[in-house]
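The sequence shown begins at 1 in UniProt numbering and counts up by one.
In case anyone wonders, no lab produced these hints; they're calculated from the structure.
Be aware that one or more of the hints could be misleading.
[As the list claims (entries may be wrong)] Listed next, the in silico BS3-like pairs over lysine-lysine satisfying Cα-Cα at most 25 Å (straight line):
{"#": "1", "residue 1": "159", "residue 2": "245"}
{"#": "2", "residue 1": "230", "residue 2": "185"}
{"#": "3", "residue 1": "185", "residue 2": "128"}
{"#": "4", "residue 1": "159", "residue 2": "278"}
{"#": "5", "residue 1": "135", "residue 2": "230"}
{"#": "6", "residue 1": "245", "residue 2": "279"}
{"#": "7", "residue 1": "136", "residue 2": "230"}
{"#": "8", "residue 1": "185", "residue 2": "195"}
{"#": "9", "residue 1": "279", "residue 2": "136"}
{"#": "10", "residue 1": "230", "residue 2": "258"}
{"#": "11", "residue 1": "230", "residue 2": "215"}
{"#": "12", "residue 1": "200", "residue 2": "230"}
{"#": "13", "residue 1": "245", "residue 2": "132"}
{"#": "14", "residue 1": "230", "residue 2": "211"}
{"#": "15", "residue 1": "126", "residue 2": "215"}
{"#": "16", "residue 1": "185", "residue 2": "98"}
{"#": "17", "residue 1": "230", "residue 2": "132"}
{"#": "18", "residue 1": "128", "residue 2": "278"}
{"#": "19", "residue 1": "245", "residue 2": "136"}
{"#": "20", "residue 1": "245", "residue 2": "258"}
{"#": "21", "residue 1": "128", "residue 2": "98"}
{"#": "22", "residue 1": "278", "residue 2": "98"}
{"#": "23", "residue 1": "200", "residue 2": "278"}
{"#": "24", "residue 1": "245", "residue 2": "135"}
{"#": "25", "residue 1": "128", "residue 2": "230"}
{"#": "26", "residue 1": "159", "residue 2": "185"}
{"#": "27", "residue 1": "230", "residue 2": "245"}
{"#": "28", "residue 1": "215", "residue 2": "245"}
[Unchecked claim] The following label-pair restraints were derived from C-beta to C-beta distances:
{"#": "29", "residue 1": "158", "residue 2": "200", "range": "37 to 47 Å"}
{"#": "30", "residue 1": "182", "residue 2": "49", "range": "31 to 41 Å"}
{"#": "31", "residue 1": "191", "residue 2": "245", "range": "18 to 28 Å"}
{"#": "32", "residue 1": "245", "residue 2": "158", "range": "23 to 33 Å"}
{"#": "33", "residue 1": "219", "residue 2": "270", "range": "43 to 53 Å"}
{"#": "34", "residue 1": "192", "residue 2": "260", "range": "50 to 60 Å"}
{"#": "35", "residue 1": "237", "residue 2": "191", "range": "42 to 52 Å"}
{"#": "36", "residue 1": "199", "residue 2": "265", "range": "44 to 54 Å"}
{"#": "37", "residue 1": "96", "residue 2": "189", "range": "49 to 59 Å"}
{"#": "38", "residue 1": "226", "residue 2": "270", "range": "34 to 44 Å"}
The beta carbon of each residue, even a glycine, is placed where N, CA and C say it ideally should be.
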Amino acid sequence: MNGKRWAALGIAAALFFVSVGTSIATSLFFADTEDIFNEMFATDQAFVEEVIDGDDEFNRIAVFEVDGVIQDTGEANPLTSAGGYNHRAFMDKLQMAKEDRDIKGIVLRINSPGGGVVESAEIYDKIKEIQKDTKKPVYVSMGSTAASGGYYISAPADKIYASPETMTGSLGVIMQGYNYEELAKKYGVEFVTIKSGPYKDIMSPNRDMTKEERKILQTMINNSYDQFVKIIADGRGMPESEVRKLADGRIYDGRQAKEVHLIDEFGHLEDVTDAMKKKINSPDAQIVRYTDDAGLGSLFSMGAQKVMGKDLETASLVKLLSQPNSPRPMYLYAE
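The task is simple: from the sequences and hints, build the whole structure.
And the structure:
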């Protein structure tokens with residue numbers, strides 16, 4: 001074998017090992033990056049503290065934001081997370097506020113169209129628990145939208161503030177789905193369903209609902225609606241009959257909401273924190289906004305999306321398609 005053949009063989013071998021090494025590295029990166037990243041940058045501090053105002057560290061007012069649809073989507077992925085509402089993290093923040101003796105008051109800054117029935121109830125129960133066990137006051141500052149579930153979690157607050165332009169209300173429950181039976185017939189698509197009981201495929205998108213199925217679902221909606229009405233009546237000190245007149249699904253601006261006693265005062269976040277200072281009798285109370293610990297994870301996420309681009313888009317799409325999306329009752333205002 002001459003020198004040229006040996007050189008060609010060497011180059012081929014080198015390319016082979018480089019190719020194998022690259023494949024292994026890529027596989028390991030996509031399979032374990034989240035675990036490795038979390039391990040490398042894990043800290044005991046779950047939240048970022050941003051001091052907005054005040055110097056009295058022993059009298060703190062915690063500001064928590066509910067921004068986006070209230071739903072539990074599982075653990076946030078530092079690689080693909082694009083921010084937004086994180087239910088588990090928010091519940092952890094509420095628990096922290098309950099246990100921290102230096103936090104004397106809580107302000108919820110809500111900018112949400114609502115969300116899941118279960119998640120909204122979970123927040124409500126935690127707020128009531130904090131009020132009962134610690135006597136810490138809870139005020140709500142409504143942003144541009146605090147509707148449906150956004151109002152549900154506002155109802156137990158000691159005071160609710162909003163802007164005259166805030167969109168609130170939409171008090172009620174909704175469950176939606178699709179029916180593409182006619183579209184499937186048009187293109188010759190036939191659905192085959194094997195089920196253990198007559199209602200196992202209730203609200204299936206490939207056929208019309210029966211009257212019996214609609215009755216079952218309507219009963220569920222009515223139960224959730226009755227709970228919503230009770231929550232508002234208890235929180236606002238209103239008769240349930242009066243609440244039912246308001247809770248027909250319509251939306252209200254801040255002015256209308258104040259007229260029907262769904263909110264207490266007009267004001268922005270600064271007005272609410274000033275009012276809380278008076279409530280806890282601490283003019284120099286430290287106002288602290290608690291947000292999820294983005295830090296390096298956020299920077300890495302932005303960098304990763306630039307570098308990996310379509311690979312991350314594909315991974316996100318696969319994750320989305322792999323998750324079940326069954327219709328469920330929602331306290332949600334959606335256009």
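Quick rundown of the hints versus the structure:
1. Taken as a hint, the residue 159 and residue 245 pair is honoured in the structure, with Cα atoms around 22 Å apart against an allowance of 25 Å.
2. For the hint linking residue 230 to residue 185, the alpha-carbon distance of about 45 Å lies beyond 25 Å, and the restraint is violated.
3. Annotation: proposed proximity of residue 185 to residue 128 is violated, straight-line Cα distance about 51 Å (limit 25 Å).
4. Using a Cα cut-off of 25 Å, the hinted pair residue 159 and residue 278 holds, with the two alpha carbons roughly 13 Å apart.
5. For the given pair, residue 135 sits about 22 Å from residue 230 by alpha-carbon distance, which is consistent with the 25 Å threshold.
6. For the suggested pair residue 245 and residue 279, the alpha carbons sit about 32 Å apart, so the restraint of at most 25 Å is broken.
7. Taken as a hint, the residue 136 and residue 230 pair is honoured in the structure, with Cα atoms around 23 Å apart against an allowance of 25 Å.
8. For a cut-off of 25 Å, the pair hint linking residue 185 to residue 195 stands: about 21 Å separates their Cα positions.
9. Distance hint between residue 279 and residue 136 is fulfilled; the C-alpha atoms sit about 10 Å from each other, no more than 25 Å.
10. With a CA separation close to 19 Å, the supplied pair residue 230 and residue 258 stays within the 25 Å bound.
11. Taking the CA atoms of residue 230 and residue 215, the gap is about 22 Å. The hint holds against a cut of 25 Å.
12. As the CA atoms of residue 200 and residue 230 are separated by approximately 31 Å, the hinted pair breaks the 25 Å bound.
13. With a CA separation close to 30 Å, the supplied pair residue 245 and residue 132 exceeds the 25 Å bound.
14. The straight-line distance between the Cα atoms of residue 230 and residue 211 is roughly 28 Å, outside the 25 Å bound, and the hint therefore fails.
15. Restraint check: the Cα-Cα separation between residue 126 and residue 215 comes to about 32 Å, which exceeds 25 Å; the hinted pair is violated.
16. Distance hint between residue 185 and residue 98 is unfulfilled; the C-alpha atoms sit about 56 Å from each other, more than 25 Å.
17. In summary, the hint linking residue 230 to residue 132 is supported, as the alpha carbons are separated by about 18 Å, within the 25 Å threshold.
18. A threshold of 25 Å between alpha carbons decides the hint, and for residue 128 with residue 278 the separation of about 22 Å falls inside it, so the pair holds.
19. The suggested pairing of residue 245 with residue 136 is violated, with an alpha-carbon distance near 32 Å, which exceeds 25 Å.
20. Our distance criterion of 25 Å between C-alpha atoms is met by residue 245 and residue 258, whose separation comes to about 15 Å.
21. Only pairs whose Cα atoms come within 25 Å are accepted, and residue 128 paired with residue 98 is accepted, the gap being roughly 11 Å.
22. In summary, the hint linking residue 278 to residue 98 is supported, as the alpha carbons are separated by about 20 Å, within the 25 Å threshold.
23. Using a Cα cut-off of 25 Å, the hinted pair residue 200 and residue 278 is violated, with the two alpha carbons roughly 55 Å apart.
24. For the hint linking residue 245 to residue 135, the alpha-carbon distance of about 32 Å lies beyond 25 Å, and the restraint is violated.
25. Taken as a hint, the residue 128 and residue 230 pair is honoured in the structure, with Cα atoms around 14 Å apart against an allowance of 25 Å.
26. As the CA atoms of residue 159 and residue 185 are separated by approximately 54 Å, the hinted pair breaks the 25 Å bound.
27. For the proposed pair residue 230 and residue 245, the alpha carbon gap of about 13 Å is at most 25 Å, so the pair holds.
28. The straight-line distance between the Cα atoms of residue 215 and residue 245 is roughly 23 Å, inside the 25 Å bound, and the hint therefore holds.
29. For the pair residue 158 and residue 200, the beta carbons lie near 45 Å from each other, so the given range of 37 to 47 Å is met.
30. At roughly 55 Å, the beta-carbon separation of residue 182 and residue 49 lies outside the given 31 to 41 Å, and the hint is violated.
31. Separation of residue 191 from residue 245 is about 43 Å and departs from the stated range, judged on CB atoms against 18 to 28 Å.
32. Distance hint check for residue 245 and residue 158: the Cβ-Cβ separation is about 25 Å, which falls inside the suggested range of 23 to 33 Å.
33. For the pair residue 219 and residue 270, the beta carbons lie near 45 Å from each other, so the given range of 43 to 53 Å is met.
34. Under the hint 50 to 60 Å, the C-beta atoms of residue 192 and residue 260, about 51 Å apart, fit the expected range.
35. Checking the proposed 42 to 52 Å range against residue 237 and residue 191 shows it holds: the Cβ atoms sit about 51 Å from each other.
36. For the pair residue 199 and residue 265, the beta carbons lie near 48 Å from each other, so the given range of 44 to 54 Å is met.
37. About 51 Å separates the C-beta atoms of residue 96 and residue 189, a value consistent with the hinted range of 49 to 59 Å.
38. Between residue 226 and residue 270 the C-beta distance comes to about 37 Å, which sits within the given range of 34 to 44 Å.
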